[in-house]
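Engineer: Per this note's numbering: the sequence shown = residues 19 to 84.
Some hints here could point you the wrong way.
[To be verified] The list that follows gives simulated cross-link-like pairs (lysine-lysine, DSSO-like), each with its CA atoms no further than 30 Å apart:
# : residue 1 : residue 2
1 : K28       : K78
2 : K28       : K43
3 : K78       : K43
Rather than coming from a laboratory, the hints here were simulated on the basis of the structure.
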Amino acid sequence: IFEGSLEIAKQLRMEVVAEGVEDEKDWEFLASANCGLAQGYFISRPVPPAELAAWQEQWKQRLPLR
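Given these sequences and hints, build the entire structure.
Structural biologist: See the structure below:
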């Protein structure tokens, strides 16, 4: 279902954000499906604005962007 929905969205030139990424397995599945945007507790719990820049630098080192 996900891959079909993603393909329809791409054909309609829509941006897709996968929600609820809870672990690396979810993250890898999304990467293999070419879903470039995601959010969830695997990526981060909510971060106060004052801490966002530092969090971004840590994330870049943790998992390289694809």
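Engineer: All hints, please: hold or fail.
Structural biologist: Quick rundown of the hints versus the structure:
1. For the hint linking K28 to K78, the alpha-carbon distance of about 26 Å falls within 30 Å, and the restraint holds.
2. A C-alpha spacing of about 23 Å is found between K28 and K43, which places the hinted pair at or below 30 Å, so the restraint holds.
3. The straight-line distance between the Cα atoms of K78 and K43 is roughly 18 Å, inside the 30 Å bound, and the hint therefore holds.
Of the hints listed earlier, there is not a single one the structure fails to meet.
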